[in-house]
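For reference, the chains in residue letters:
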Amino acid sequence: MNETHKENLTLENYENEFSYQAKKSNLDISFNRIAFIFFVFLMICIIYSIKVFYLGSLNSKKIIEKPLPIKKNYRADILDNNGNFLVKTVNTIDIGINPNFIIDEKKFLINLQLIFPKKNFNVIKKKLSSKKFFYLEKKISEDKYKMLRLLGDKSIIFEEKLSRIYPQENLFSHIIGQIDDDNNGISGIEKYFDHELKNKKKPLRLTVDTDIQFLIREELIKAQEIFQNIGSATILMNVNTGNILSMISLPDFNLNRRNNINDVKFMNRATKGVYELGSVFKTFTIAAGLNEGVIEVETEFTDLPKKIRCAGRLIGEYDDKIPSDLTAEQILIRSGNIGSVRIGQKIGIENLKSFLNNIGILNKIEFDIEEVGQPISFIWGKCKLATVSFGHGITTTPLQLIKGYSIISNGGYDIKPTLIKENLKKNKIKKRIIKEEVSKKINSILRKIVSSKEGTANFANIKGYQVGGKTGTAQKSLNGIYSKNKINTFVAVFPTSKPQYALMVLLDEPKANKEYVYHYKDGSGWKYKGNWRNTAGWTSVEIAGKIIEKIGPILATKYMEVN
Amino acid sequence: MKKLILFTMLFVLVIFTSITKNSTKKIETKIYNISENLKVLKNKKEMTLLEFNYLSSPQKLMEYQSMYFEKELKEIDIENLNLIYLKGSKLNIKKLIDNKKEDE
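Each protein sequence line maps, in turn, to chains A and B. Note that the first sequence ends on residue 563 in the working numbering; no numbers are left out. Note that the second sequence ends on residue 104 in the working numbering; no numbers are left out.
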């Protein structure tokens with residue numbers, strides 16, 4: 001029997017489990033990495049771009065203002081207007097000994113004896129036995145430094161120090177000032193520009209002229225011999241730029257000696273001294289009157305009394321020969337007190353106060369050295385107005401006085417006195433604070449004070465320089481009480497046709513010298529001996545004349561303005 | 001071929017970089033030496049100038065004058081000073097102080 005095998009063929013759908021898929025895992029990882037790195041770089045780029053934009057948007061001034069790191073043992077030099085050294089920094093080496101590191105004392109002492117044969121070695125031996133550090137020699141020479149280096153001894157310690165050398169010795173002592181042992185400025189420019197001097201790469205250049213400074217100082221020393229004054233001060237300033245060409249205060253001191261200057265007599269009288277300066281203020285009163293339009297040069301003042309009383313105090317003329325009828329111009333030429341009071345009363349408190357404030361007389365002045373005096377404040381009243389009009393009961397510093405005269409004579413432009421040559425730009429922007437015609441009128445009157453016989457400053461009438469100016473004789477006050485001692489001042493402006501310079505000469509407590517021979521400058525050739533008057537006209541003016549005679553040729557040639 | 005070109009380029013660049021670096025180093029050394037020498041010279045110049053300033057200071061000059069010259073220094077009269085100036089191609093001379101301006 002055939003059995004038919006029936007096989008059931010079952011066809012099942014075969015599902016192949018294999019399916020091709022691109023293995024993405026690795027690719028994903030690299031892509032993520034790249035994206036991540038790209039992202040990091042992008043972020044860095046963005047951060048740096050922001051920083052670059054930030055820095056770019058900053059003002060250059062802001063960056064400069066950032067304090068620079070202070071360099072150790074560095075201090076910039078100081079030069080005068082002509083590039084001559086006034087101060088030079090020299091690095092010196094001090095030699096110290098640490099006895100604890102000495103290996104062979106005998107050998108060590110022999111070596112030292114060869115290098116320093118003049119030293120007292122008994123003292124050194126004693127110091128060595130104390131086992132404490134001590135200085136063997138300060139500021140050693142280069143040769144000795146090399147020899148000590150060659151010894152290679154660990155006990156010898158080399159300390160680098162900074163030394164300031166002043167080739168002009170006393171000449172600029174009050175301007176430059178001093179530094180302490182730690183390279184910090186303690187007075188003058190050294191103190192005011194301490195930070196700049198420690199960081200400035202270039203030397204600091206001043207406006208002062210060594211030759212002019214020397215010539216003026218010589219005349220002041222002579223004045224001290226003639227008039228026996230206890231001190232003196234002068235300032236020579238360019239009235240148009242405010243540049244100070246010379247500033248002296250006597251007595252001065254030798255900067256190279258590095259003494260402690262604590263005595264009041266060494267005060268900088270030119271900037272720190274606060275004085276009642278007397279009749280030199282009358283120029284301000286007349287200028288204020290002209291500027292306010294309350295007077296004219298020809299305005300007449302009649303029946304002026306010889307004396308007036310204010311709050312129980314007498315105000316009188318210094319010279320009884322002064323006529324009772326005077327014009328405003330004559331009041332200034334003859335230095336009339338009562339006439340000035342009358343003009344002051346016409347101006348009024350507010351106007352006079354405002355005028356004096358504008359020209360920088362009443363408040364502390366901003367200047368390039370620390371030693372600046374503060375004018376004594378006071379309450380204005382009727383009597384104060386009267387005394388202020390002729391320069392009494394009001395104080396200021398000689399620096400502010402010369403600033404005031406410069407503004408009045410330069411056409412009425414405000415200026416800032418400066419000792420720094422780089423500050424020249426600051427004074428280029430001119431702001432007029434007084435009318436030009438007032439300036440011209442005052443210059444003309446100042447000239448007459450020097451050139452006319454009625455004027456009080458004939459001894460300053462140096463031929464060729466058109467000197468104008470005003471004298472001021474004031475009693476010195478001590479603790480609010482007037483003494484017999486005087487402050488004699490003269491402010492000169494020249495040439496008056498086109499003022500360029502103002503010179504202030506102040507003598508502190510001068511005495512009349514009967515033996516001194518005066519030479520009249522009116523062309524007569526007269527000589528006079530036996531003067532008994534202790535006024536500015538017979539003291540400060542004489543010295544100012546001598547100074548202008550000496551420095552005039554330098555100013556006229558070296559500082560000539562070429563158009 | 002591509003590999004060869006790439007390799008050659010890289011090799012050339014490496015050589016070129018090292019040559020440049022070497023020459024830069026030499027220049028840097030030269031600059032350093034010159035700047036160091038300049039410092040020394042500048043220091044010398046400043047010290048010489050300081051010495052000159054001291055020896056030619058007005059105080060010293062007056063001392064020398066009294067030591068070596070018998071005659072006193074002569075004062076200059078401002079009215080005797082003349083100003084020489086060029087106007088176009090012409091040389092002109094005029095008084096430094098205009099006497100007419102003197103107001104007395």
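Treat the hints as calculated values from the structure; they're not laboratory data. Warning: the hint list may mix true and false statements.
Unchecked claim - Short, incomplete list of chain B residues facing chain A, as computed with Cβ under 10 angstroms:
| id | residue |
| --- | --- |
| 1 | F7 |
| 2 | L10 |
| 3 | T24 |
| 4 | V40 |
| 5 | E46 |
| 6 | L50 |
| 7 | L81 |
| 8 | S89 |
| 9 | I93 |
| 10 | L96 |
Note that the Cβ used here is the ideal one computed from N, Cα and C, for glycine as well.
Results for each hint:
1. With its C-beta approaching chain A no nearer than about 26 angstroms, F7/B sits outside the 10 angstroms limit, and its interface hint is violated.
2. Interface hint status for L10/B: violated, as the beta-carbon distance to the closest one in chain A is roughly 23 angstroms, over 10 angstroms.
3. The closest approach between the C-beta of T24/B and any C-beta of chain A is roughly 26 angstroms, which is over the 10 angstroms cut-off, so the hint fails.
4. The beta carbon of V40/B is not positioned within 10 angstroms of any beta carbon in chain A (closest approach about 13 angstroms), and the interface hint is therefore violated.
5. The beta carbon of E46/B is positioned within 10 angstroms of a beta carbon in chain A (closest approach about 7 angstroms), and the interface hint is therefore held.
6. The interface hint given for L50/B holds, since its Cβ lies 5 angstroms from the closest Cβ of chain A, which is under the 10 angstroms cut-off.
7. With a least beta-carbon distance of about 7 angstroms to chain A, the hint placing L81/B at the interface is held under the 10 angstroms criterion.
8. Here the hint on S89/B is broken, as its CB sits about 19 angstroms from the closest CB of chain A, past 10 angstroms.
9. Annotation: interface hint on I93/B violated; nearest CB of chain A at approximately 15 angstroms, more than 10 angstroms.
10. Nearest Cβ of chain A to the Cβ of L96/B: about 6 angstroms, under the 10 angstroms cut. The hint holds.
Consistency with the previously given hints fails for numbers 1, 2, 3, 4, 8, 9, ordered from lowest to highest.
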